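> Sequence:
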Amino acid sequence: MSAARMTAAAGSAPRRIAAVVVRHWYVTRRSPYRFVDVAVWPVFDMLLYGSIAMYVRQAGGDAATRTALSVVAGIVMWHVMYQSQIAVSASFFEEIYARQLPSLLTTPLRPVEWVAGAALQGLIRVGVGIAAVTVAAAVLFSFDLTDSGGAIVPVMALLLLTGWAVALIVMGVVMFLGSGTETLAFTLLFIVLPLSGAFYPVSVLPEAIRPVSAVLPTTYTFSAARAVATGDPSPWGEIGVAALATAALMVAAFAFATFSLQVFQRRGFVSRYQ
Numbered sequence: 002m003s004a005a006r007m008t009a010a011a012g013s014a015p016r017r018i019a020a021v022v023v024r025h026w027y028v029t030r031r032s033p034y035r036f037v038d039v040a041v042w043p044v045f046d047m048l049l050y051g052s053i054a055m056y057v058r059q060a061g062g063d064a065a066t067r068t069a070l071s072v073v074a075g076i077v078m079w080h081v082m083y084q085s086q087i088a089v090s091a092s093f094f095e096e097i098y099a100r101q102l103p104s105l106l107t108t109p110l111r112p113v114e115w116v117a118g119a120a121l122q123g124l125i126r127v128g129v130g131i132a133a134v135t136v137a138a139a140v141l142f143s144f145d146l147t148d149s150g151g152a153i154v155p156v157m158a159l160l161l162l163t164g165w166a167v168a169l170i171v172m173g174v175v176m177f178l179g180s181g182t183e184t185l186a187f188t189l190l191f192i193v194l195p196l197s198g199a200f201y202p203v204s205v206l207p208e209a210i211r212p213v214s215a216v217l218p219t220t221y222t223f224s225a226a227r228a229v230a231t232g233d234p235s236p237w238g239e240i241g242v243a244a245l246a247t248a249a250l251m252v253a254a255f256a257f258a259t260f261s262l263q264v265f266q267r268r269g270f271v272s273r274y275q
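FYI, in this note's numbering the residues of the sequence shown are 2 to 275.
In case anyone wonders, no lab produced these hints; they're calculated from the structure. No experiment lies behind these values; they were computed from the predicted model shown. We treat Cβ as the ideally placed atom computed from N, Cα and C, and that holds for glycine. Heads up, none of these hints are tricks.
Have a look at the derived ranges for each label pair, beta carbon to beta carbon:
{"#": "1", "residue 1": "R211", "residue 2": "G151", "range": "28 to 36 Å"}
{"#": "2", "residue 1": "A20", "residue 2": "R211", "range": "43 to 51 Å"}
{"#": "3", "residue 1": "R211", "residue 2": "P112", "range": "35 to 43 Å"}
{"#": "4", "residue 1": "R100", "residue 2": "V205", "range": "45 to 53 Å"}
{"#": "5", "residue 1": "T107", "residue 2": "W237", "range": "44 to 52 Å"}
{"#": "6", "residue 1": "V213", "residue 2": "G238", "range": "18 to 26 Å"}
{"#": "7", "residue 1": "T259", "residue 2": "E208", "range": "32 to 40 Å"}
{"#": "8", "residue 1": "M251", "residue 2": "P207", "range": "27 to 35 Å"}
Whole structure, please, built from the sequences with the hints as guidance.
Laid out in structure tokens, this is it:
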């Protein structure tokens, strides 16, 4: 490819990414029920688990208050990760259901550009979902996320990246094994959730399970989130460990998705979706 063509292709990348964002915005706007998952479910999660947290708090004592704060903060952080993952996964499945996947693979749109576009529109979903759950926490339970300090920003960023990494893994599995595995998009994070200690320290888990928790990046991220929410000193060391683990997960997820796409194209699996 000549230098001029390479420059033109690079310059077109933002437009192709924007096209992915606009396409999925039109799909969402045409089906308003999709906003239930974005904004309504987070509010009901906050109502359910927040009520449990307040019940614990009313039991009395400083420990009960810390537990309540941990649960409420865990709900907010959980939805950062969940919304980012489900946004990218749902965009991928939308292409499958519309039988657009074969067409996408024959356009100038590169896979990394499609992922970037899906992730960008996922940021919009995350913004709506986090706004909803944060307002619910403030109105219903007087929990103000902005009181947590600046350390909450890298924590949320790490959970956002984790959600994207899980989405790449789900996409890779579906391309490799077929659409019958698409339930992973809705179950994988719910398997990770209890193992990561989103609402409690992993020390309360059965001893046999703790080694599994120790290798999950989310364990350290949620632990840092609890420390920040309960007013402890900013756990920068733990955030650093979480950042390294999350970076390794992102690299592994991207490599796996790329490998699955190559197999998907080379073995003709794309014919499943025509």
